[in-house]
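Using the sequences provided together with the hints, build the complete structure.
The sequence shown: position 35 = 35 (the UniProt record's numbering), numbered continuously.
In short, the hints are calculated from the structure, not lab data. It cannot be assumed that every hint is accurate.
[Unchecked claim] Have a look at the derived ranges for each label pair, beta carbon to beta carbon:
(1) I98 <-> H76: 26 to 32 Å
(2) F89 <-> T68: 26 to 32 Å
(3) A99 <-> L77: 24 to 30 Å
(4) K62 <-> T95: 34 to 40 Å
[As the list claims (entries may be wrong)] Simulated crosslink set (DSSO-like; lysine-lysine; CA at most 30 Å straight-line):
(5) K84 <-> K63
(6) K62 <-> K83
(7) K72 <-> K84
(8) K83 <-> K72
(9) K84 <-> K62
(10) K83 <-> K63
(11) K62 <-> K72
All residues carry an ideal CB built from backbone N, CA and C; glycine is no exception.
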Amino acid sequence: RSHHKKSKKKKKKKDKNKDREKKHKHHHKDKKRKREEDGEDEISVYPQIGSPGRELRTCVIKKLQERTPLSKGLDHLLGLLEKKDPQNFFAWPVTDNIAPGYSSIIT
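Dropping the structure here:
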């Protein structure tokens, strides 16, 4: 019997999480609609962190706002460059293990 009660509690907790996710999604949809109505379709200077299509949390936005305009610009530029390299071909530096003699050629 105690096992049955535990599973009920877990189910309730899952339902709460689902409700939170639904509320969260609707909240963002409302924000997006409001932005579209106001005509605020600006290009974001903030790099996309997390899953695509998801808005940044306020704590992340505050952290990004503390940074200098130069670092914001560089982050934006990095994001644009990463979009040009979807297979992450240029994401990591070339080492001599990957290409023997590479470091002696480029120096």
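Against the structure, the hints:
1. Between I98 and H76 the C-beta distance comes to about 29 Å, which sits within the given range of 26 to 32 Å.
2. In this structure the hint that F89 and T68 lie 26 to 32 Å apart at CB holds, the actual value being about 30 Å.
3. At about 26 Å, the CB distance of A99 to L77 agrees with the hint of 24 to 30 Å.
4. Range check, K62 to T95: Cβ separation about 37 Å, and the 34 to 40 Å hint holds.
5. Distance restraint check for K84 and K63: the Cα-Cα separation of roughly 26 Å lies within the 30 Å cut-off, and the hinted pair is therefore satisfied.
6. This hinted pair checks out: K62 and K83 have alpha carbons roughly 24 Å apart, not beyond 30 Å.
7. As the CA atoms of K72 and K84 are separated by approximately 19 Å, the hinted pair is consistent with the 30 Å bound.
8. Of the pairs offered as hints, the one joining K83 and K72 holds, with about 17 Å between alpha carbons and a cut-off of 30 Å not exceeded.
9. Restraint check: the Cα-Cα separation between K84 and K62 comes to about 28 Å, which is no more than 30 Å; the hinted pair holds.
10. A threshold of 30 Å between alpha carbons decides the hint, and for K83 with K63 the separation of about 23 Å falls inside it, so the pair holds.
11. Between K62 and K72 the CA atoms are separated by roughly 13 Å; this keeps the pair inside 30 Å, and the hint holds.
This entry satisfies every hint, going by the numbered hints stated previously.
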